[in-house]
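Spelled out, the chains give:
There are 2 protein chains.
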Amino acid sequence: MALSKKPTTGMKDILPEEMQIRDYVMGVIKETYGKFGFTSIETPCVENIANLSSKQGGDNEKLIFKILKRGEKLNVEAATTEDEVVDSGLRYDLTVPLVRFYSNNAAQLPSPFKSLQMGNVWRADRPQRGRYRQFMQCDIDILGEPSNLAEIELILATTTTLGKLGFKGFQIRINERRILKAMAAYSGFPEESYDSVFITLDKMDKIGLEGVEEELLSNGFAKESVDKYLELFKGLEEAEDGVAYLANVLEGFLKPDVEQSLQEIIASVKATKSSDFEIVFDATLVRGMSYYTGTIFEIAMPEFGGSCGGGGRYDKMVGKFTGKDVPACGFSIGFERIILLLMESGFKVPSQPEKVAYLIEKGVNGEALCQVIAEAQDARKDGTQVLVARMNKNKKFQKEQLEKEGYTQFKEFYKDPLKQ
Amino acid sequence: MALSKKPTTGMKDILPEEMQIRDYVMGVIKETYGKFGFTSIETPCVENIANLSSKQGGDNEKLIFKILKRGEKLNVEAATTEDEVVDSGLRYDLTVPLVRFYSNNAAQLPSPFKSLQMGNVWRADRPQRGRYRQFMQCDIDILGEPSNLAEIELILATTTTLGKLGFKGFQIRINERRILKAMAAYSGFPEESYDSVFITLDKMDKIGLEGVEEELLSNGFAKESVDKYLELFKGLEEAEDGVAYLANVLEGFLKPDVEQSLQEIIASVKATKSSDFEIVFDATLVRGMSYYTGTIFEIAMPEFGGSCGGGGRYDKMVGKFTGKDVPACGFSIGFERIILLLMESGFKVPSQPEKVAYLIEKGVNGEALCQVIAEAQDARKDGTQVLVARMNKNKKFQKEQLEKEGYTQFKEFYKDPLKQ
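Chains as they are written, first to last, in numbering that gives the first Met the number 0: chain S, 0 to 419; chain L, 0 to 419.
I should point out that these hints are in silico values taken from the structure, not numbers from a laboratory.
Please note that the accuracy of each hint is not assured.
One copy or any two copies: either way a pair holds, since identical chains are not told apart in the list.
Unchecked claim - Okay, derived cross-link-like pairs now, BS3-like style, lysine-lysine, Cα gap no bigger than 30 Å in a straight line:
| no. | residue 1 | residue 2 |
| --- | --- | --- |
| 1 | Lys222 | Lys205 |
| 2 | Lys315 | Lys4 |
| 3 | Lys68 | Lys5 |
| 4 | Lys347 | Lys29 |
| 5 | Lys394 | Lys272 |
| 6 | Lys361 | Lys395 |
| 7 | Lys54 | Lys72 |
| 8 | Lys323 | Lys403 |
| 9 | Lys269 | Lys410 |
| 10 | Lys11 | Lys54 |
| 11 | Lys11 | Lys68 |
| 12 | Lys4 | Lys68 |
| 13 | Lys315 | Lys403 |
| 14 | Lys233 | Lys68 |
| 15 | Lys392 | Lys323 |
| 16 | Lys361 | Lys254 |
| 17 | Lys29 | Lys4 |
| 18 | Lys380 | Lys269 |
| 19 | Lys392 | Lys254 |
| 20 | Lys398 | Lys361 |
| 21 | Lys29 | Lys394 |
| 22 | Lys68 | Lys54 |
| 23 | Lys410 | Lys395 |
Please model the entire structure based on the sequences and the hints provided.
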């Protein structure tokens, strides 16, 4: 037959063992975020292609799975471009759909609105180990809150959740797009080149100060600007309070309330955190998406090279849908990385129900079968997980398999009651 | 701006109020099915187009959202047919993906394998009230169990779940594809016309015996066959035990073990059911999908005209992927209909945490803000849901809105402590 047993390229089947951990993590996330007043919403996985191609998604827009028009609207023979044959696509993140959702439903939502979204997103990335073309994202966002209370609550909710999942000793790195810009302006880089400068800066942890210097110079930036820029980072290395140091040096380029707000976020999180992590200012943190307008942050795990989630403030995106800006700030947990870390660490889901397997010989039927099933129904009422199965020919192997699934008790039922 | 606030045609945004009920129902489903030994799995929402177009999906195959090829594989200009530009599509059900999953992973799965799948499926149906192009399905299936223990467990698990959700007085209607066929054979319909006969029979509840008679005759079937067929249904109306009656009349057309197995399912479910429903034999039950090979069943709710879920045995589908048949039986809950019924009945999610809103005046910052947040963190540890928000100018309206969301207690924090 022509049917393919494999999942489509770059996507994966999730087996019960992993699924159990995923279900558990989703449960902890929903419960913990719920305690902070976040409410779940859901948006369709499919969005209009115009929304997905609106430049909010940066490079992800190159990776969209596009969906064919249907019926009379589709004329493949006459079409010469992709645009003519598609009208929608699979979402590549949860932020663009959230902002559309908010724009569509704001009248029915509280203000501020605290949203929790868990759902799959799709990106046609080159397939590689541990990275899939369908993956789960888990985002919390606060819309309609202009003050830094949004950032504080988002960071506390996310770190509390990570703590409940057993993660310790991680870092929240925090920065401000306006500080990034002020540093570039102070150094004399031309405004239209900021994004290019930040792309180089983003490599600091890999190539170091010298590497950044080299790349900026080879990209044709003035030596004077590059020197001034690097001086700032050298100064930061010695500064006790990085934010205060920059606020001082960048006077005239940075509004004083930016420093005050960022200091307040860091201090509040330090004072009220309920799990084991640190929050640190990191002037080299860039975060790729161009939609960020203020604070940006990222989770760094010691067990994992790279980010395990991040977010920031994006006060200008709702306006793209409604014409009127609404303050917005979000934090996304790297759900798939969290699962990967838990699986690799041999994590076991806590407090499972007692698991009993009832094995029934083939000849047990009618009234006798009823009795076994009734007994199973009673045990389930008491909270026990009962698997009712026919006894295989190789009973020993069957039991070994069931033990792997966590069944610790067995009860056998035979046609001949004496065998029992 | 060109951005659209509305979801794409036929799909919907799910607001917090509905989402809370959906989350609760999903939780009950997972927990209850878990007690029966079903384990969760997940398959990608995207499947290869060849699998989706393999005639397993019946009419649903006409409703596939097809996904465009990417990169060099795509040449819209040269293409003249749909097939040339697509390589995958969104799944229209969870059964075809499950069977592919099982074929791909059987070596790592227990035997029998009891699967629970909850996930969205997509059908490009004509949009209509209450029916959406993206909707959730919730399926349990047992693969590798040839005996009727599979049917008994599926029906008990599903009805126990419905009972836990508060549904009462519903019916499980049950029939057998082999009885349907034996009735048609006994009446003398030609074998190639069985599907056409069953399509007419399926309308019995709407058009009655006379309507069925009329339609069969006008479809050109022999009067003698139609008369003989209708006699069977008239006989059934008077029979005390429909299955026994048919087994008797259809002798020679129906294997005796079909009667025995069906009787055993009905008797076992009656004897061991833990919620308020009836199980009834219904010789007019057809179930559309051609892949069913044995037992078929359906949930009928008094509150709802039409089916709220169904399923049956499909012993021949795994063989389409692997070349070797594996016995299989499944039951799908009509998740969206269940949600609709609960919403319409004013259902409230039980045992919610205490919900307190902390309203903070704009001027409360720095150390004072820290104290409020620390207090919220403490209350959350005790299980309380605490919303921390800035006080709006119209505090009265803000509180009214929060009361609608279930916040029953308020605590206000002012810059001037005397105001508190």
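Quiz item: What label fits Lys11 with Lys54 when the C-alpha limit is 30 Å: within, between, both, or neither?
Solution: Cα proximity of Lys11 and Lys54: in one copy and across copies (29 Å, 24 Å).
Exercise. Could you place Lys315 and Lys4 in one of the four classes (within, between, both, neither) given a Cα distance threshold of 30 Å?
Key: between (45 Å within a copy, 16 Å between copies)
Exercise. Could you place Lys361 and Lys254 in one of the four classes (within, between, both, neither) given a Cα distance threshold of 30 Å?
Key: For Lys361 and Lys254, only the inter-copy Cα distance (20 Å) is at most 30 Å; the intra-copy one is 79 Å.
Practice problem: Since the copies are identical, ignore which copy is meant and state whether Lys380 and Lys269 lie within 30 Å (CA to CA) inside a copy, between copies, both or neither. | Solution: between (46 Å within a copy, 17 Å between copies)
Quiz item: At most 30 Å between C-alpha atoms: does Lys392 with Lys254 qualify within a copy, between copies, both, or neither?
Solution: This pair counts as between: shortest inter-copy Cα distance 26 Å, intra-copy 77 Å.
Exercise. Classify it for me, Lys233 with Lys68: is the Cα-Cα distance of at most 30 Å met within a copy, between copies, both or neither?
Key: Neither: 55 Å inside a copy, 49 Å across copies.
Practice problem: Go through the copies and call it for Lys361 and Lys395: within, between, both or neither, with a Cα cutoff of 30 Å. | Solution: Within one copy, since 16 Å is at most 30 Å while 69 Å is not.
Quiz prompt | Alpha-carbon proximity context of Lys222 and Lys205, limit 30 Å | solution = Only inside one copy: Lys222 and Lys205 sit 22 Å apart there, 84 Å across copies, limit 30 Å.
Practice problem: Using 30 Å as the alpha carbon limit, work out where Lys11 and Lys68 are close: within a copy, between copies, both or neither. | Solution: Close inside one copy (26 Å) and across copies (19 Å); limit 30 Å.
Quiz prompt | Homomeric proximity label, Lys398 with Lys361: Cα distance no greater than 30 Å | solution = within (16 Å within a copy, 64 Å between copies)
Quiz item: Which holds for Lys68 with Lys5 at a C-alpha limit of 30 Å: within a copy, between copies, both or neither?
Solution: Both: 27 Å inside a chain and 18 Å across chains, each within 30 Å.
Quiz item: Is it within, between, both, or neither for Lys394 and Lys272, if the alpha carbons may be no more than 30 Å apart?
Solution: between (53 Å within a copy, 29 Å between copies)
Violation of the numbered hints given earlier is confined to hint 14; every other hint is satisfied by the structure.
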